[in-house]
Structure formats: structure tokens, C-alpha cells
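Engineer: Next come the chains, spelled out residue by residue.
There are 4 protein chains.
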Amino acid sequence: MTVVAVLGAGRIGAVHARSIAAAPDAELALVVDPVPGAAEALAGAHGARAAGDAAAAFQDPAIDAVVIGSPTRYHVQHILEGVAAGKALFVEKPIDLDLARADDCIRQVGAARDRVMVGFNRRFDPSTASLRQRVRDGEIGALEQLSIVSRDPAPPPAAYLRGSGGIFKDMVIHDFDTARSLLGEIDSVAVTGQHLDPDVEDEWDAAASTLVGVGGAVCTIVTSRHCATGYDQRIEAFGPLGSLRLENQVTDGVRAYTRDSAGATGPFQNFFLERYADAYRIEMDAFLRAVRGDGPMGPGLLDGRQALAIAEAATEAARTGTRVRVQPLPVGAA
Amino acid sequence: MTVVAVLGAGRIGAVHARSIAAAPDAELALVVDPVPGAAEALAGAHGARAAGDAAAAFQDPAIDAVVIGSPTRYHVQHILEGVAAGKALFVEKPIDLDLARADDCIRQVGAARDRVMVGFNRRFDPSTASLRQRVRDGEIGALEQLSIVSRDPAPPPAAYLRGSGGIFKDMVIHDFDTARSLLGEIDSVAVTGQHLDPDVEDEWDAAASTLVGVGGAVCTIVTSRHCATGYDQRIEAFGPLGSLRLENQVTDGVRAYTRDSAGATGPFQNFFLERYADAYRIEMDAFLRAVRGDGPMGPGLLDGRQALAIAEAATEAARTGTRVRVQPLPVGAA
Amino acid sequence: MTVVAVLGAGRIGAVHARSIAAAPDAELALVVDPVPGAAEALAGAHGARAAGDAAAAFQDPAIDAVVIGSPTRYHVQHILEGVAAGKALFVEKPIDLDLARADDCIRQVGAARDRVMVGFNRRFDPSTASLRQRVRDGEIGALEQLSIVSRDPAPPPAAYLRGSGGIFKDMVIHDFDTARSLLGEIDSVAVTGQHLDPDVEDEWDAAASTLVGVGGAVCTIVTSRHCATGYDQRIEAFGPLGSLRLENQVTDGVRAYTRDSAGATGPFQNFFLERYADAYRIEMDAFLRAVRGDGPMGPGLLDGRQALAIAEAATEAARTGTRVRVQPLPVGAA
Amino acid sequence: MTVVAVLGAGRIGAVHARSIAAAPDAELALVVDPVPGAAEALAGAHGARAAGDAAAAFQDPAIDAVVIGSPTRYHVQHILEGVAAGKALFVEKPIDLDLARADDCIRQVGAARDRVMVGFNRRFDPSTASLRQRVRDGEIGALEQLSIVSRDPAPPPAAYLRGSGGIFKDMVIHDFDTARSLLGEIDSVAVTGQHLDPDVEDEWDAAASTLVGVGGAVCTIVTSRHCATGYDQRIEAFGPLGSLRLENQVTDGVRAYTRDSAGATGPFQNFFLERYADAYRIEMDAFLRAVRGDGPMGPGLLDGRQALAIAEAATEAARTGTRVRVQPLPVGAA
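Chains V, U, S and P, in that order, give the protein sequences. The first sequence begins at 1 in my numbering and counts up by one. The second sequence begins at 335 in my numbering and counts up by one. The third sequence begins at 669 in my numbering and counts up by one. The fourth sequence begins at 1003 in my numbering and counts up by one.
Don't read these hints as lab results, they were simulated from the structure. Careful, some of the hints might be misleading.
Restraint-style ranges between C-beta atoms, simulated for each label pair [what the hints assert, rightly or not]:
1) V:GLY321 / P:GLY1165: 53 to 63 Å
2) V:ARG107 / P:PRO1200: 41 to 51 Å
3) P:GLY1217 / V:GLY321: 14 to 24 Å
4) S:ALA753 / V:ARG134: 26 to 36 Å
5) P:PRO1242 / V:VAL214: 32 to 42 Å
6) P:ARG1075 / U:ASP594: 51 to 61 Å
7) P:GLY1046 / V:VAL214: 56 to 66 Å
8) V:GLY293 / U:ARG593: 39 to 49 Å
9) U:GLY378 / P:GLY1295: 14 to 24 Å
10) S:GLN776 / U:GLY550: 36 to 46 Å
11) P:GLY1217 / U:GLY472: 29 to 39 Å
Since the structure is predicted, the reported quantities are computational estimates derived from the model, not experimental observations. The beta carbon of each residue, even a glycine, is placed where N, CA and C say it ideally should be.
Next up, chain V with everything else stripped away, as it sits in the complex (with noise of 0.2 Å):
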């Protein structure tokens, strides 16, 4: 039995406790949130304890792996802490906002970072995996076109949106990723920002990104704060054999025909926890796993500072309306 403690009672913690309960060979034990109430109300549901401190997970040499599901700004005192306890680590993207911070933890974590994965839950959906599986596999041959839509279904809230660090830091990483997962290291971008919603407080709620790769091969990126139909989230790689397309998920298979019109479904799923939902469950299977030794412990801290570099060129270029490098890792850092 792999034994586990989850920092954060929220919905993302509410997610990642369920899988472990459901995993054979894993056990919920602690579930950590200093709001009061929080912890107890989740550990209850799965027979767990509960606790307000992170150092209850920490300091209990029965855990073996902390899922970090707390607020960005904790994450990369939660990394160094578990690391000195010995721990496994799963944390929430990204690892933080300022990307000479995340050099500096990946510094100071140095070689245990290969016991600490980084939660870009999308590299889990099975969809999306096939899709960069089979690009590797060179069925369509080298990549030369990556076309990315990403719409998330509204806004979030305003106070949200103040620490968010951003349209790019916030919620392109994910796309950023993605890109990188395919194309491999990503040399430029450059970026027209768009403010859609005045209601939206923030610099830009969309933005059209085209990214080059170290090998010339280009991904553009079409972002929107809103999307009426649901969470948008399409991929398609195309290279000199042909293309492969992921289209959305609908939250209802059943097709329409009237006297107006033929095949509507449902609308696309809500939101990332449904569209997402094996994802989830699959990410903490492999983490479980990995924490065992029976697979790969990855994405990893590197995975997350690439995708925080070219967030941070990706803000700049949207600001100066030029073409912007992204910042090599740091000699040293890994």
C-alpha cells in the first residue's frame, strides 16, 4: 500500500482523493487545508484524517507521496519542504509565477527532482496522448503545422484573475505545454493579444500565439477567455503524410435531427474537471505507480519551467507587438 496525504481540500483535491481511494494498492490518509472544516468534511467521505498544517503530512514517516494541491504561492515552499522530508511529489501547474523563482527551486531541489512530477494533467487524456504518440511514431511525418485552439467556457473571477499572473501564465501554460510535448523546444513567439469582454479586468482575455520550434516547425495558438459552447480544446498536427485532429468532447452523445437542423449534440463538456476526468484519474494512477517504481515520474520540474518561459515571453510579446525569444534554461539550474 502506498500511502498518501492530499494538500488541499478544494475541488482539485477532491478529484485527486477520489482516484487514490479508488487505486488498489494506494490509501487516502491525510487530507491537509487550513480552512476550518475543509479537510474534515473530504477525509470523512474516504475515511481519512484530517489536519489544518502541511507539516502533519510532512513529519508522518507512514506517508510515502503529498499530492500539493495548495494555492500557487505555496507550491514551491511546499516542493523544498517535502523534498528535505523525502517525499514524493505531485504538484499542481505551474510551480510558480516568477520564472527565476522556479530556476531557483529547481536548483535547490537538484537531483531529487526526479521524485517530483509536475500536474499537466492534459499530457493524460488518453485522446491527447494518442495524438503525440502517434506523431512520434512519424505517422504523419515531421510535424510542420500545429494548429491549437484553447477557449476556456468564461472568466474567472476578478480576485482570481488578480494573482492569476496572467492569460498566458494562467492558461495558455497548458497550451504551451502541449506545443512543446510536440513540437520539442520552442525557439520564438510572437503573440496579438485582444481584450473581448470589458468586463473582463485583465491585460488581454484572448490572443492569437504563433510559436516557432527549434526545427522551423510552427504552432499557432488561438486562446479565448469565453466560449458559449463550453471548454474548447482542439488540437490538430499536420505534417507531409497527413494530419491528426482531437475535436472536442460533447457532454451528451445523443444527435439531434429537426426540421432545422441534423446532428447537434449536447454542447461541449463544461469545464476542465469533466473534460478532463480520466485524465485525473489517469495522472494519479501514473504518479501511484511511479511512486512505486513501476513507471516514468513525469512531467517534471523542467517540464513545468519550459512551459513558464515561454508564458513569460508570450506575456512580453504581447506587450511589445514583437517577436520574442524564450529564455533558455539557466546554466546550472538542472
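Using the hints provided, position chains U, S and P relative to the given structure of chain V.
Structural biologist: Showing chains U, S and P alone in chain V's frame:
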């Protein structure tokens, strides 16, 4: 130049006239219709002559081929007159509403039947033809189950229905021909008739038919005289290696994505003139090529006769509630 | 906490065990299987006890609910023992292979049948449930024609087939339940049986069935024990205002575009464990809620009995070539 | 009868000739081509006269309208001669490869430009026209993001490329017109050019362009001179209320289901003659109606000029790596 006359200046006559006018190496010379002004209007638009009597077509030695789009009750007479005049003939289905009368016509036509083509337009629909060819090429192995859905958008007027010969001879006969073109000869048929719309003054306005081919394959045909979404025309051929499906074509290829639904196109193409527009043009081109000796003349009178024989058996099966054998071609008829 | 025992540690038992382990407020306490080691393996993965005899479940007063996943021939016995012990019961379909024996069981269970749920898993498939709800809400008007396609990927082993009760009681019974859940009670059935695969030692391995509902609607069910592309599970409901269709789900949502073809996804999900994975989980959650009094307990024994009655009529119809009436519930049975 | 001459007996000339021959109330009177035998072959198939010099068309008072399908370098000359002769004119795009020369032509044509139509055939594609109309009707609210994919199946011969004016004036100009017809006037364009195929002797054979409309909406156009699956022609319009998408049309509507994949159709229609066959016919019908005064004459010379201006800006943007403003119409040109 192949010189052609068209009998009947109605909707289908106009379709054939336009195809002939556009075809290279063919000339529309004459349009015949006894309704005052009808022939003149259609002929005038294409620079052809008009007449009120079919004799004008059959007796004109300059005319090579005659397209018989007259009412069904005149088909046999026009076939026999055309054959006697040495014309190549294209006749709309059915040959006649009475199987015995059709058999008698075929006997009289004799060897000249290789100069007569019957208008099973769906055989020339590119998608239907492709499905048929791929089945014949063995792509799915020996055909085991065939599922046809065939629904008209709305019932015809009561006056038309009274002379139509019933749903099987008027409407399902096309699907019987499709089944036969895919399965080979049909041994027997069972039918569950339905009367769905109280305003339709006919014995049945819907039915589920189950045909058994001489080789043991089974075909179900689900039919209705109404379909809110338009002309519903689907085929699925199933065999040990897979299946081939033909879906509906829609009025508008644009897909809409809204708050409530995703992927809706416009409704199905409204009816046969839209759905089979290409088929009618390709069919007429095939007839004109066959007249010039550049291609096969078919489907022919025997195909028309066999589809009619299945329709007669289906009518009896619906009335009696029993499985009925299809009447084979009489000795000496062909 | 609802305390649950599972009888049967096979594939379906493992599915239910994992659902119970993941469910909040439920505990998997016991797994029973007479095969040495089977119960222990499944119980161990979820921290539960193991036993070899169903009495361990029925006689333990701490156990609230029993999931009966034992072989069909023990279903009636386990239902009667469970009811006598006051347990809430979930039993896999069919109740029994013999309609008279099922009727006798229902009579003995009496009023306690509101504590028994029957495993028609497809009713809990989100898409099927949505289609059913939308039909009931009148979206397409009164249902006129229902078309079901139901094909297994490959026939089961000969040993299984010998005890299966034949294609209608073993396989098509699910579709009969679906037809009944959409159309209401079924009046009669006609069947054209086929024997497509010479290696299958059963009376029929394919069939086209035509059901007539008491209200006059017609349902066709096309079935086969093999399908190269996987588990073929489709429904189309047609009414005066339109139609609703449920298409297959595929193993891989990625669409491929090549020199030769466009839009190909992976094949259909392989079989019921994949296709109905969500349905099994939702079904078990619904059962656990019903045990706690938080929701309806159904489908029940009468639903299981009626689907079996249609299957018996279909078997006779296939043998005799005639339309057969479905045997109504005996007076006093319910 | 509208009497028409066609200049150019190549592929596109043959398409227009057949449309004119089939159209009611129009007559193809003359085909002009300096290549020996070319005009005669096309004219002969439709019973028209042949000539080697365009003067035969412009000097014949019986001819009402001239279709200019000559090489691009003769377009301006033929427009000016045709206008001087008082003919209604249909001219294939582009007006010229040089923006200044096009502006000069427009100035000379003056008010007579309401007798000249420019061949942006895609505007007449039924699906594209429907999408445009629905955007204008406000179905998705104010257009915010437009995503166009436009790929040719294979690069043209080197000789053609040398005279083509480059990928933006030759190929993407159609997409610039589509963007403009949906977004309104374009303010600026940024381009990432690619050179994917070493055998193509041109500056770029692929590109990702980002256009900004005067109202702030953004359009991305992903282009390539090759596409293994055929002619790739897609549009997606996105607004606050939803989106409208136009997918590719395929050579064969039959879907195949096999052991390995599901739902594969034939590849995309091969190229523009297939994909826009209906558009070419509808375009010519619209021109003939406009000549008779029964409909609007458009798109016109100003539309051709604006698409060319965007193409010139895109060429510069690709070369410089900067965002380039589109040159507005000179004062007095229109």
C-alpha cells in the same frame, strides 16, 4: 451529336433537359408535353422545339434517343412505340404498376431491351455507386446484413397517392432495387406495415420490411412517408470484415456551435431533386454515352421488373402478416 | 457508511468493487467467491475481507447490501436468501433463463421486491439515459419507429454459449429492455434468425427482430455475435418532430487524415466493460443511494421479467417463422 | 438570350463554357484561345464559334458579355478593351500582380466598374455563402476570432510558380478575400513564413498569417502548398454567442468501419475544380443574371484591389518579420 427528345416537361423532364443541354456532344431537339404551354416553356429556355404528342418524337428520323418522363400509365405504350421506331430509350421507373403487364412488355420488347434504360437514379449517386463497388470488391467480405432507412419528407397529395400503387411500388421500390443491387436476387420478404398519419389516405404510410437474399443475407428497410428533417436516405452494409455506411447529405455544410448544442448542420437535403441532383446528371450522361456505344445501357427492363416483383410481394406480406416469396421471372419473359 | 458485500470476484465483480471503494460514504467490506484465491485477491486490493460462501454475506448483520454477481443459475437462490436476510440486493441480469422460474421467484419475493435492483447497466449510460429522457419529454413527439443495432465484437467461448440460453436471452435481452424502456410494453415480435459463422455452435448468431409496441410503434433490432470494428451499440428513435440518435463511442478520439481517407477514429470501444464503464459506476452509485433511501431502486424484478418474456417470444418466433405474442405477467405474480 | 464569349479554353474556361451552355436564357457564342485547336475543341462540344484573338469577342456587337479567363498578365488589357467595347465583363482573380497597376486600371475603368465582376469563386460556394450570411445576421454576435485553414494538395509546376507573384498573391489572396468578406476591412497583417518542401522554388510554401480587422477582430490563416489528404479548406468564425464552422468536403460520402478504424471517408476533394464545382456554376449564373439586370454585379474591382493590397502587405510582413499595415485605396481611385 446525339439528338434527344424529352417526353414530359414537368420537374423531372426539366432536370433531364438541363443535363442534355450541358452535355458535350448532345443536343436537346424536342420537348413533348400535352399540357398547353409546358413544352414550349422548357424547350424555349434551351433553344429546342416543342410538341404536344409523343409521335413527334418517335416519327422524327433525326432523333436518336427519347427520354420517357410521361406518367407511369403511358410507360409501356411509349416503350413499345419507341422500340418500334428504333429509338434508344430512357424510361423513368416503374415500368408499370402491374407485374403481369410489365412482363408482357418485356416479352414484346425482346432483344431490343438492350436499347432501354430504366431510371433507377440512385444507382448513379456517386456515394451509392462507391458503396456498391466497394461491397463488390470484397472490402467487407460477403455481405451479411444490410440496413436501409428511407423516409420521404412529407406525403404526396391524395390525388397522387390514389394512382401510386401504394407505398411499396411507388416509394420503397427504389430501396428494393438498392437491396437487390447489393445483395443479389431476393428470395422472400416480411413486412410490418404502419399507418402513422391519419391524414394520409393510403393503406400504409410507414413500414419495416425484412428481405432475405438467395444467399441468406438479410436486409431491413425502415420506411416512412414523413420525416421532419428532410429526405432520409441511408444505407449500411455489414460483413465479416467491417461495414460501409452512407449517411444523409445536408442542405448546408456549416456546423453551428452554441450555448445549447454543438455540430448542428442544416437539415437533410429536402427531397430527391436536391439529394440526387448529381445522380440525375450522371445518369443522363451515362445514357448518352450508352447511346453512342461508349458504355453499358443499364439498369434495364429486367432490373425494373425484379424491383416491381419485390414490391408486389411486400404488398402481400404487409396485408397477410406472413413472409412472402418473390415471384421469379416467367420462363421466356427475358 | 453503507457496508457492502460483493458475490463473485470475476470481471464484473471487480468493476463493482472499485465503484464501491471510490464512492463516498460506502465501504466494501467483503468479497465472496468459491474459486480459491479469487476473493482474496480482489478483497486485498481494497482492504476488504474475503470468503468462499455467500452465507458469509447474508449472515453478517453489519452488511447492508449485497451485489449478486454470481453465475445466472444461482441468481434466484441468492435473491431469496438475501431477501430473507433483509439485505438490499443488486442482481445482474437475467433473473433466470426460465420465465416460469423467474415468475415464481418474483411471487416469493413479494413486496420486498422494492429492495431489489436488476443490472440493466445500459439504462445508466449517460447518453442512453439522455436519449430516453428526451423521448419522454416529447422532443420528437410520440415515438413511431425505433431502430437498434447491437453487435458483439466476437462470439463467446462454446462452453459459455451452451449455458447462455441462446442469443435472445443472453445478448438481445439488453436491447429488449432498451426497447421496452423507450416504447413501453411490447405486444409481439417477429424474427429472422441467421447463422453466419459456422464455428459458432448455437442456433443463431445473428438476427433481425421486429417488435410491435402496444401503442403501434415498431422497433427493429439488428444483431450479430461478431463485429470487426468492436462493440456496435446504436439507437435511433424517430417521431413526427424529428429523431434522436446514439452513435458508437470509439477507443480513440483522434481523427486521422491521410492520402487515402479522412476522419478515421480508432475502432469502437471493444466491449461492454469499456463502453459501459461510466454506466457501471453510475449504476452502482444509484444502487448505493437507493439503499440509503436517497433515490429510486430500479430497474427491478418486473423489468427483468418482462425483458425475459420478450426473449422467450423471440426465441419461438425465430424457430417458427411467425409473429409471436409476448406472454403477459401472470395474475398475482406482481 | 444573353450572348457570351469566353476568353481562354483551358480548364477554367471549359468550366465556365459548360455553365453557360446549361444556363437557361444564355448562349455560348464564341470561344477565344490563341493556342491552335484549343478554342475549336471547346467551342465544338457546345456548338459555338472559335477564334484566336480577343478582338473577335470585343468587336462583335452581338456579344453581350465576355468571360476573361486569359493569363493574369492580360487581365488589365482585356478589362480595358472590354469596357471600351461596352461589354459586361467577368474577370478571373487577380486583377494584376502589381497593386499600382491595378489601381491605375480601376481609375481608367471609372464608373463602368459596375459592369465588371471579379472571380472570387469561393464567395459563391453555398456553404461559404451561408456562413457569411449567418455571421452577418448576427447569429454568433460580433465576430471576434476567425480561423482559416487553406492548403493546396500539391505545389504547382516551377514554371507556374515563377510567374505567380508568390504564395500570398497567388493562393492566400482567396483567403484574404474571405477574411475581408467576413471581418470587413483589414488594418494590418503579421506573417510567419515557412519553406517546408526543398523542391519548391519559391520564397515560401507555407505560412501562418495573423490579420487584425479595423474593428479589432483577429483572423489566423494557416496555409501550405501541400496537403496529403487533398484540398484543405476550412473556416471557423467565433463570437460571443457561439461559432460557425465550415469543414472539408470529401470525394466519397461512404464511411468505412474496419478492425482498425471507424468513420473514415474518402480524402478531401482533390482541388478547386472539384471542391468549388457548384460555386463556379452559381457564380456564372449570378454573372448572367447581373448582365440581364436581375441581380447585383459583384464582387467587383474594388474587392479584387483590396485582397491584392492585403497580399502585398503579407509579402512584406513575411520578409521583414514585422506587422505591416494594409495600403488603403488611393484617393480618387474609386
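Engineer: Look at each hint and say if it fits the structure.
Structural biologist: Outcome of the hint check:
The given range of 53 to 63 Å is broken by GLY321 (chain V) and GLY1165 (chain P), whose C-beta atoms sit roughly 35 Å from each other. The hint said 41 to 51 Å for the Cβ distance between ARG107 (chain V) and PRO1200 (chain P), and at roughly 42 Å that hint holds. For the pair GLY1217 (chain P) and GLY321 (chain V), the supplied restraint of 14 to 24 Å holds, since their beta-carbon distance comes to about 18 Å. Between ALA753 (chain S) and ARG134 (chain V) the Cβ separation comes to about 53 Å, which falls outside the hinted range of 26 to 36 Å.
Remark: the range hint 32 to 42 Å for PRO1242 (chain P) to VAL214 (chain V) is upheld by a beta-carbon distance near 37 Å. The given range of 51 to 61 Å is respected by ARG1075 (chain P) and ASP594 (chain U), whose C-beta atoms sit roughly 53 Å from each other. The hinted window of 56 to 66 Å between GLY1046 (chain P) and VAL214 (chain V) holds, with their beta carbons roughly 59 Å apart. Between GLY293 (chain V) and ARG593 (chain U) the beta carbons are some 48 Å apart, a value that agrees with the proposed interval 39 to 49 Å.
Remark: the range hint 14 to 24 Å for GLY378 (chain U) to GLY1295 (chain P) is upheld by a beta-carbon distance near 20 Å. Under the hint 36 to 46 Å, the C-beta atoms of GLN776 (chain S) and GLY550 (chain U), about 45 Å apart, fit the expected range. Checked against the given bound of 29 to 39 Å, the beta carbons of GLY1217 (chain P) and GLY472 (chain U), roughly 57 Å apart, lie outside it.
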